[in-house]
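J.: If you read the protein sequences in the order shown, they are chains A and B.
Under the working numbering, the first residue of the first sequence is numbered 1, with each subsequent residue one higher.
Under the working numbering, the first residue of the second sequence is numbered 1, with each subsequent residue one higher.
The set of hints was computed from the structure by calculation and includes no laboratory data.
Accuracy of the hints is not assured; some may be wrong.
Claimed, not checked - Covered stretches of chain B, as calculated for chain A (at least 3 residues, CB under 8 Å):
hint, segment
1, 37 to 44
2, 100 to 111
3, 136 to 147
4, 262 to 275
5, 440 to 453
6, 526 to 536
What the hints assert, rightly or not - Lysine-lysine pairs mimicking DSS-like chemistry, simulated, CA-CA at most 25 Å apart:
hint, chain 1, residue 1, chain 2, residue 2
7, B, Lys41, A, Lys142
8, B, Lys41, B, Lys497
9, A, Lys96, B, Lys343
10, B, Lys333, B, Lys343
11, B, Lys497, B, Lys333
12, A, Lys170, A, Lys192
Glycine included, every Cβ here is placed at the ideal spot set by N, Cα and C.
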Amino acid sequence: MRRARLACLCACLTVVLCPACQQAAEEAKPAAAAPPPAGQPTPKLRLTEGQHAHHEHEGMVMDLDGAVMNENTEKLPQDCPEIAGDVEITVKAGKKHARQYPGKMFSYDRNEWEAGPCTRVKLTFINDDPVRHQWMMHGLPKYLYPEAMFHIEVTGPAQKTGTFILPSTKRTYFVHCDIAQHMEKGMKGQLKVAGGDGDLPSIPGIVGDPYPDRYEVGDWGWQAALAAGFAGLLGAGLTFWFGRKAGQSSRSEAP
Amino acid sequence: MKIPSRRTLAIVMVVVLVTAAGVVSWWWMRVPPYEPAPPTKEFAMGEVEPPCPDLNPAWRASQVIDDVTIEESLGCEPDNPALVAAVTKGTNNVSHTTLMESGLAMDAVVLENDRDGDGDPDVVHIKLEVAELNGRSPEVTFPVPTYSIAPGIQPGFWTFVPKPHGMATKDIYSMAASPLLRMPSPTIRVEAGDTVRVTLENAHYLPHTIHFHGVDHPYFLDNPLHGEHRGNDGVPETSHSATLPGESFTYELTPRQTGTMLYHCHEQPPVHVMMGLMGMFVVEENRPDNWVQTINVGAGQVRHPAAAIKERYASEHDLLYQEVDRDLGDAIKAANDPRLIGKATTSGFDITKASSEYFLLNGHSFPYTIRDSLIIVEPNQKVKLRMANGGDDRSIAIHTHGHKLAITHYDGIEQNPTAWITRDVFDLAPAQRLDLVLDTTDDGLHSYGPGVWMFHDHREKAVTNDGVFPGGNMSLIVYKPYLREQGLPTLHGVDLKPFFTKEFYQRKFPVWASYDRDRMLVEPESVPPSLMGVLSLAFLAGLALGAVGLAGYHFGRTSRVGR
C-alpha cells in the first residue's frame, strides 16, 4: 500500500515537475496564424456542412463519436522481439457502473485489466452515458506513444476501438478519465502487465484512498460500552499486578 | 540579639511598602528618557509572478482563420483566435487544425441551415458541460484542476463549459485547468430568430439545469419533429426535473427579441448560481451574412462582433460581475463523496448567513483582471459594454473614472435615446443588465481625455480580495498610447509587483512596502519585554500572596485561641 502510494506520488511529481517535458510542450506549440491580407476584402463565410466527418492529425483520429489517440497496431516496443499475442479488452464506462461503489459517481465496469508482456491489445471503449468519458492510459514508451499515452474518448452513447502494443516490462499502468472530477469520483483503473508492479491508490473496489472521507460516527451501543469497560478494567488490573510483582522482587533483592 | 518588637517590625514593613510603591509609581508616571523606537521590520516579498506571462503574443493581432475575421485584442491574455473562429463558423465547419487548437469537441457548436437564405446559419446547437474547478481529490491535498482568480486564491467553482475534447488540464504536465474551464460561464451569443438548441451534458456529479433568464423561450416544448413533449424552462419545481449526473437534456428556443440576457442553473440556485453556474446570453440583431461569435469564453472582448454592433461601435465587451463566498467554495473541498458534498451544499449551507470574500469581473479579481479585462480604446470611439450583475448583494455600483457612459438598454430593452441616462456610477441589482456606450470623445463630459482610467465597484469591499486592497472587480480603460508591448498599460503609480505575490493577499507584508523608499511606514519590529514591568508585576503579586498568607496565619491563631 505504502509502496503504491509512493509510486503514485513519484508519477505525479514527474508529470508536474518534469521541466524537459514542459520544454517539449512549449516547442510543440503551433506557429502564429497569418495576419489578415492587407487591402483584400474580408473573406466571406460559407456553410460547409459535413466537410469534416473524419479527422486525422498527429496521432489523433477524431469524428463526432470521439477520438482515438496514439493508436499503434504494428510498431514493436524495443524490448519485444515479436508480438506475443492478441487480446481484446472491452471497457464499459458510465454512471451505472459506479452503483457498485457507494460514494462514487462515475466508473468503468471493471477497474483492473491484465495483459501479457508484448501483447497487442485491441481495446473497445463503450460509453453508456450521454456525456463524455475517456479511457486514458499513461506510462507507455514515449518513442512509440507521444506523451506516453494511449487515449480513447467517446463523446456520448457510442463506442470506439483502438489498438496498442505493450512493452515486456512487468508493470502497472495508470488508467483514468481526465474529465474534471471523473477520476476523483471513481473513473480510475489499472492495467497490469505480467501481474503488475503493485497497486495504484484510489482504485474503486481494489485500493482505498490516501485521503479518505470522514463519515459521521454512529452511537456506540451498550455492548461496545461494556466491552470498553472490561478492557479498561483489564488494563488497570494488569498494571496493578505487574507493579506489585515488581515491588516484591525489588524488596526481596534488597540486602 | 534582641528580637525587635512587633511594632517595630510593623513600622519597618509599612516603610518598605510605601517606598516600593513610591518607586514603582514614579517609574510608571515619569516622562522616560529618549530611547529609539524599535527599528523597521525586515520582510520578504515572496515569489513575484510575471504580471503578464505572455504565453501567446501572436494571438493579439487581428487575423483571419478559416475565413473568420478576428479583431485585434491587445491585452496580455487575449482570447484564443482559433477558439473564436471555431465558435463563429461552427465546430462542424472549421478546419481540423482550428478545431484542435480550439480545444472544443466536434459537436460543441454546430451551425447549419441558412433558412432565410441571408448567408448565415439559422440553426444553432450548443453543447455545454458542467465542470468543477478547484475540487477535491482523494489522492492529493491540493485542489484539482486549479483555477486562480488572483495570486494564490483558488475558491471552488462550478462553471458551464462549451463541450471540450481531451483533458481538463492545460496539458499532462500541469494541474492547471485548461483554458476552456474557467470562470465565468461563457457568454452565449446568437442572432434573433435563430433556432437555438442548448444541450446540457451533465458530466458533473450533482444535478443541474439551465434557465434562460430574460431570453424569449417557450415554457413547454411540443416538438413533434424531435418527438419532444416536455418542460423547457429549466426550473425543477415547475418545468422538468433537473438533469442528473451522467445524463443530458436539450432546451430549444427561438428568441424573437434582441438584448443582453442571462442563463443560469436553477437547481438549488442559492448555491448553484453562487458557485458560478451563470453566464450572459446575448441576442444580436438579425442581419445578412451575420455570423455571430456563438461563445465568448471568459466573457470580455468580443473578437468577432455581430454585424449590427460593427456598424455602430468600435468594439464590444461583455462584463459579468460576480461574488464568491469562500466557505461555500470550500464545501466542495471538504469531502470527495458526492453524497457528503451534496449535503454540504444543500441543507449544510445557509445563504442567509453567507458573506462574500471575493469579487470577480469576468472570472478574475485584481490584479488578474488587468490581464484579460482591459477595455482598450482610442479617442473618438464608441464602445459597446454589456454589463451584468451575477452576484447576490443588494446591488453593485460600477464607477468609471474619467468617463460618463450612457445607458442605452435596461435588461435588454432599448430605451428611447431621448431617455438615455448618462452617469458615472451604474447600480445593478442581482441578475440585472445594462447596455452602455463608452464614448471616448474628449469633451469633459463623456471623456476627460486619454489616460489609464480605472473602472470598479464603488462598494469599497468589492475592490479587495478578502479585505486586502487592491483587489476585487477593478479593471482599467486604457487609451492605446498608454499600452505597452505585452498588453499591460504604462502605469505612473506604484510598483504592481507586490500584488503579483500570494504573500501580499495573505497579509504577510505591508501595503506601502513597494514605494516607501525610506522604510518609514513599514511595520516596526517587536520590542523585548520591559524588565521594570515584569519586576513590578511580580513584586505586586508577591505582596498579594504574602497578605493572603498572613491573613491565614492570623485566622488559624485566633480560632485556636478561641477554642
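J.: Among all the numbered hints in the text so far, which are the ones the structure does not match?
T.: 1, 4, 5, 6, 7, 11
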